[in-house]
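Enquirer: If you're matching them up, the sequences are chains C and G in order. Here the working numbering is used: position 31 in the first sequence is 31, and no number is missing along the way. Offset between the second sequence (1-based) and the working numbering: plus 1000.
If you're looking for bench data, these hints aren't it; they were derived computationally from the structure. Treat each hint with caution, since some may be false.
[Claimed, not checked] Partial selection, computed: residues in chain G whose CB lies under 8 Å from chain C:
id: 1; residue: Ala1204
id: 2; residue: Met1205
id: 3; residue: Arg1206
id: 4; residue: Ile1263
id: 5; residue: Thr1264
id: 6; residue: Met1265
Since we're looking at a predicted model, the values are computed, not measured. We treat Cβ as the ideally placed atom computed from N, Cα and C, and that holds for glycine.
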Amino acid sequence: MPTQLTERVIKILTETQHLDPGRVTAESTFEELGIDSLDGINIVFALENEFGIDIPDDSLPELRSVQDIAAGIEKLLAGKGEG
Amino acid sequence: MSRRVAVTGLGMVCALGGNVDEARKALFSGRPGIGPVTLVNPDLLKIRNGAEARAFNPDAHFEAKEQQLLDRFAQLALAAAAEAIADAGLTFTGGLGARTAIVTGTSAAGQTTVDDASVELYRHNAPRLNPLTIPRTMSNAAASHISMKYGIAGPAWTVSTACSSSNHAIGQAFWMVRHGLADCAIAGGSEAPFNLGFLKSWEAMRVLSPDTCRPFSKERKGLILGEGAGFLVIEPLEAARARGASILGEIAGFGMSADAHHITMPSPEGAAAAMRAALENAGLPPEAIGYINAHGTGTSANDPTETQAIRAAFGPAADRLAVSSTKSMHGHALGAAGALEAVATILALRDGILPPTANFLSPDPECDLDVIPNQPRAARVEAALSNSFAFGGLNAVLVFKAPAAP
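The following block holds chain C by itself, in its conformation from the complex (with noise of 0.2 Å):
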């Protein structure tokens, strides 16, 4: 089952992407969804708004999935509550 964050994920994904409900998992890929620099970019922004966090710009290039995406925020939200 995925985890409530994989899910606000997912729906970001699916909402900038305009993808059909369903289409997006836990296990996609940005290849597989057909996601380029320029969707990435627009996503990180929807993200970084959902999550009321800052994206660093280098951490970008590492961003290829669902899980990237969860496990990156995962690690801002722990930095931010402990600053």
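Following the hints, put chain G in place on chain C, whose structure we already have.
Expert: Quick look at chain G alone, frame taken from chain C:
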């Protein structure tokens, strides 16, 4: 009709200096003009550095009343055009004004004025805006002011193709003169990107470097925005010789293409097609070119793509080319980039010194060209290319030649 086209005047204002001579010294010593952003409150920015034209003092060029009418992009253009026209030693009397063209390039035009108006309107709830907002903002403002100031009444217009704007402008002016549609042209471009709205929009693209611009270097992290203007005075070589003008160089060819690919990602095929078209237009084989002033933005996408494109267009000759990105010093001046780089390329050919790619740390196997790292190079080169590739995949390439022996 086809005539050889000489460059007889140069003008330039940018992060490297307030005129051609100052900028030339910086280019030929590999000294970047990149520093902390001061024109916009840095507390509101993620980026720290830019390439501002710090030597440019509007009061030295314009009365207070004139400044009211001129956005910074038009001020920079007028200053550089004035230098180029004085350099050429031309006056536009005796009918020459009517046979002279003006072609200017800009991407953002009067964005700073728009940004100021937005603050008035939405933050201060101003009931009315400055009545000069429209004449300051319009993209053709620079072309119009140059025309009025010098009485130049021939064909005049403005090209806006993002980062290729100036090369498209200079290329079209070149063709006008070459084919007898004009007997002289003032061509170049200007850009003033330092306003909050535009900088935040660029930040959102995530292509700006947090520190400096390192084109073709493995450690590159993106581009540094720059401001400035560059202008050329061009005329038929025969006419220039007849009036005893000093010939700074020649424009020998111009080529364009569209990637038909992606709105922000470049394609090597499109860039290579524009370089091939420019060489064909100049009637030169790849082997005749000794130097390329690259588009070289310092982004992860541009530099390897441009390397592939140069290899595709030049074949084995690519390994005998010197290639540098002067954006490492004057920043990426967007719609003025081609104009600044045209001036840099003409100076390089005339003086026999190739400007380096500054801020270079270590080679990237994906950018395996001779990129003249950090140190300028003394080298006599007969012909050079200057590349401009834009978001939206619109490519424009100019071919320049060293001043010919009389």
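Enquirer: I'd like to know which numbered hints this structure contradicts. Please list them from smallest to largest.
Expert: none
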